[in-house]
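Chains as they are written, first to last, in my numbering: chain A, 1 to 65; chain B, 1001 to 1320; chain C, 2001 to 2279; chain D, 3001 to 3344.
It is worth saying that the hints were derived from the structure and are not from the lab.
Heads up, none of these hints are tricks.
Computed cross-link-like contacts, EDC-like style, restricted to lysine to aspartate or glutamate with a CA-CA straight-line distance of at most 16 angstroms:
| id | chain 1 | residue 1 | chain 2 | residue 2 |
| --- | --- | --- | --- | --- |
| 1 | C | K2198 | C | D2180 |
| 2 | D | K3312 | C | D2263 |
| 3 | B | K1287 | B | D1185 |
| 4 | C | K2201 | C | D2145 |
| 5 | A | K55 | B | D1243 |
| 6 | A | K11 | B | E1291 |
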Amino acid sequence: MYARRRFAVLKNLLEYVGIEPGRLHFSWISSAEATKFQETVIEVTDAVKALGPAKHMIKDIRKVA
Amino acid sequence: MEAIAQGIREAAKKLLSQGAVDCVIGFAQGTVPMRDYPYFAYTPEEADNLTWSRFCCNNLSNFLVRREMGEAGKVAIVAQGCVSRNIVGLIKENQITREQVHIIGVASPGMVDRGKVQALFPLKTITEVTEDGEDLVVKGKDFEERVPTKKVLRQNCYTCVQRNPVIVDEMIGEESEATHGGNIDKVAAPWEKLMPEERWEAFSESIKDCIRCYACRDACPLCYCHVCFVDEARPQWCGKTQDEADVATFHILRAFHCAGRCTDCGACESACPVGIKMRGFTSKIEKDIRELYGYAPGMDLEEEPPLSVYKPNDPQEFIK
Amino acid sequence: MRNTYIPYPVRIKETQVETEDKMLKSFWLEFLNADDAKAFDYTPGQFAELSVSGYGEIPIGIASSPTEGEDLLFTVNKVGHVTNRLHNMRAGDVMGVRGPLGNSYPLEEMKGKNIVIVAGGFAVTTLRSTMNWLLHPDHRGDYGDIDFVYGARTPGMLLYTDEWSQWQKRDDVKVHITVDQEFPGWDGLVGFGVDIVKQIKPQPDNAVALICGPPIMIRFTWPVFEELGWTTEQVILSLENRMKCGIGICGRCNVGGEYVCKDGPVFTKAELDKLPAEY
Amino acid sequence: MAEKILAKDQLDQFLGKLAEGREVFAPQDVEGKVAWAPLEAAADLLWDFSNSDMSPKDYFFPQTECMMRFVNKADDEMGMIMQAEPELNTPRALINMRPCDAKAFQVLDLIFMQDEMTDDFYWRDKREKSLLVGLACNDPCPTCFCTSVGCGPHHETGLDVLLVDLGDKLLVKAVSDKAAELLAELPEAEQADLDQAAELKKAAEDMVEANVGVATDQLEGREVMELYEAALWPRVAESCLNCGTCTYCCPTCHCFDIQDEVQGDEGRRVRNWDNCMSWLFTVHGTGHNPRGSKTHRVRQRFMHKFKYIPDKRGGEIGCVGCGRCVQLCPVNIDVRSVVNDMNA
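Chain A with its partners taken away, still in its complex shape (with noise of 0.2 angstroms):
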């Protein structure tokens, strides 16, 4: 319930610097909830590949620093 507020502020916070909506998820999954879990991985999983490799706040090492 903590982290739902919490949660609420972060997303937001990513979408509003321009992390594309979608990429972040958050479920309440029981550990009983097996399939809930599955589902919600296949979710995020799909979610996350239509959305295509991500743009920033990616580091590329091979760069000349």
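Guided by the hints, dock chains B, C and D onto chain A, whose structure is given.
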């Protein structure tokens, strides 16, 4: 302004000569224009060096947790609205006790943004700036001009909602209008109106000059962690390079760590040697905290910090 | 010009866990290139930066002596990111060594003098190197009497047992090995190193002492020497500070104007007394 | 070589020659700040400015610099061997550098290039491939104190060429022979030009002398411990935030950190500026910190510049009086007052 400064000096002398406090934390006149600096008066004689002006841009409450001398003793501190709100925050976060501080309250006149004044005189060297009524008198080697003070205040001062201290032991001068008249909600989170791609550009542009000196963090009364996340070595959360990803990680996470605690005092922006305007992103967090949880940090000693409590009906449409 | 930041490639030849708590592990390293082995011309007391690609570098005293051949010995305490990784590496793995770095024990000036060595815990590493140098047939005749005092908390925490056991059999060196408390199966000396020094009463005439150990040991050992009439010029210490470049530039090992990595790590007590105690 | 004259309207030609085989950089007006940037045309050169906000040390000692690389593959043990980054491809020319900044490089040479072992490959590479063309200060700022630390507004140390702004033309003085070819065809200066430059020099020196300076005459004779234990340090440290502003804007501060970074198959060893104000800088793996308090750290910076470096490097002071830290310190810790207190 000089009357207030005189009042501060008198109050400080009294406290020090009575032995009521060990030290009075205020400001003294700096050696460069528009840079009055945090000063620690231990004797009534030293209290003569105290001043008060529109160039007092540090948040003095920072020193309540960063001082090394005489840490055990009681101190007096000069506090306007935002500083008093940070004192409230520090008390609520168990960093200090109310009994340890004697608050010499002053109404904030609004502080000057040095960068704005310099920008009026591009590439020129400003040698002296003095306050004269509602104007600043700006002098250089070959010029002298008057600038209306209200045109060159820090952005946060225009939208300040609490110019008078929220807790006080003695007040110097009169209380002022509560606000400077600006509406924070009209200017907070300036990039909300942009498209996602433009937002990153705006954010990235705003931090591009960062040299990672961490003056913003070190000037902030919220950043009292003994080891900041950015200094943690095991694990190392954040890279040390000038790569945009590393620099952005620092700024985003620092801002987030201040969520629900930031009083918009502007000390970070005033401390920054390269003129980064952190409020471009910190104001978004504070806006959310106001809108989602109806909270303004440091306004009273009782209200629970917004990220340490919850309500069953908190917004959660983002949760699947 | 040689880029002195680039480590020499070496292969781990052999490893050995040294102590019962498994926190200290020794590594014998061989150079991949013969030229590098020649270039790595060192003297006991010097150290090197051990480099593990992807993890970083750590400054470690060289425990071997050049009299033992070209391979290098390092004994590493597992405390951080790099040392944790190093402890997981095995014989055959390739890593890097950068050095030799720093000054060394003043072996030239020590010639003709009696020598007292006091080592505490795992600070014995560069003193193992020194002992091997001093006891080598080519060098032994250059020096006077040698007392070697070495203490650890428990018998299981003593390093290099095979070696000092051999030294104990020699009649040209007095070896005093001690542990802090009585221990089942331990029939050697009991007590702190400083207690042994009190007992053997080393005489200051024409003598030099090398003391290496935790700061607390040094603090208690010096007064004993002082009592016996030793001067601060005769007592030689080795410092450990956080380091990065190892060549006297990057600034973090500064003690006063001295760089522990370049001007040290070996200093006389007289030299250190003139500097801030920032170590 | 005798002094030459370069008319400002001839600058494009001169810069054209300078740019043959070199990248040229100069302080310019970048969004209202004076910053070093690649130079496109003579028109972008500034003539009325005090100095760049940040020191140009970044050209020789970048804030982030890759030192070496390796292949990060468990099955490629030879790949794990570190390989040095390539040297600088194209030589550089830095034009309109202030004399204090050039002097700083000469101080740093004493530290980066000491002997065979302490010979910083990356520093030397860039130093040797750079031509420094200085611009004398005719109008120093109130925070300048170069003359009190062995430098001056028309100082030549560390430069290859010194320019003196004479209005519509520049007096060109070859300091090293590195730029002889560039200057060969320029006309020689008249006596009147030399006289004008000498007057400007005198006037600028007088201006700096009139500012608050630092006195360091007592420092050499004092023991390290006497200065170290002086009463002033806790008071200096009191307002200090322990941020890195003073060290990062400083032309002579040179402390750094070295770290490894990996990303998939790629690995590198990289150095980043670091600073003695940071708690992290000296802390040991055991948690012990030899400079554990703010007072320790603040003292280190001043002692290093004004006592340790002079003691160690033949009297050379580790400060060139550029005044950047005075202007930028968020709490106005003024190096001049600190040093004068040390010297008192």
